[in-house]
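Residue 92 is where the sequence shown starts when you use the working numbering, and the numbers rise one by one after that.
Hint data in this document are derived by calculation from the structure and do not stem from the laboratory. Everything hinted at is true.
Below, simulated BS3-like cross-link-like pairs (lysine-lysine); rule was C-alpha separation at most 30 Å, straight line:
no., residue 1, residue 2
1, K145, K100
2, K145, K105
3, K125, K105
4, K125, K100
5, K125, K145
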Amino acid sequence: MEELLELQKLGTEKGYILYDISYRRAGWGVLWHKENSNRPPPGYGWHNDLVVYKYYPTLQEMVEGEMSRLQEL
Numbered sequence: 092m093e094e095l096l097e098l099q100k101l102g103t104e105k106g107y108i109l110y111d112i113s114y115r116r117a118g119w120g121v122l123w124h125k126e127n128s129n130r131p132p133p134g135y136g137w138h139n140d141l142v143v144y145k146y147y148p149t150l151q152e153m154v155e156g157e158m159s160r161l162q163e164l
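Build out the structure end to end from the sequences listed, making use of the hints.
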C-alpha cells in the first residue's frame with residue numbers, strides 16, 4: 092500500500108494524476124491522466140489525456156516499473 096502512495100506522489104510531481112489501477116488480460120496497468128495546460132478546462136475532452144504506458148505481469152512489477160519510468164522523466 093505504501094508503494095502505491097509513493098507512486099501516486101511521484102506521478103503528481105511529474106504532472107500525472109493516477110486515475111486508476113487495473114488488471115486486464117495483458118496484466119496490471121496504471122491509467123494516468125497527463126495534466127496538459129494547452130487543453131480546455133476539465134470536463135471538456137479530459138478523457139483524451141488518459142493513457143496506460145505499459146502492462147506488467149504482477150502488481151509489484153507494475154509499481155517498480157512505473158516508478159522507474161517516472162524517475163527517468
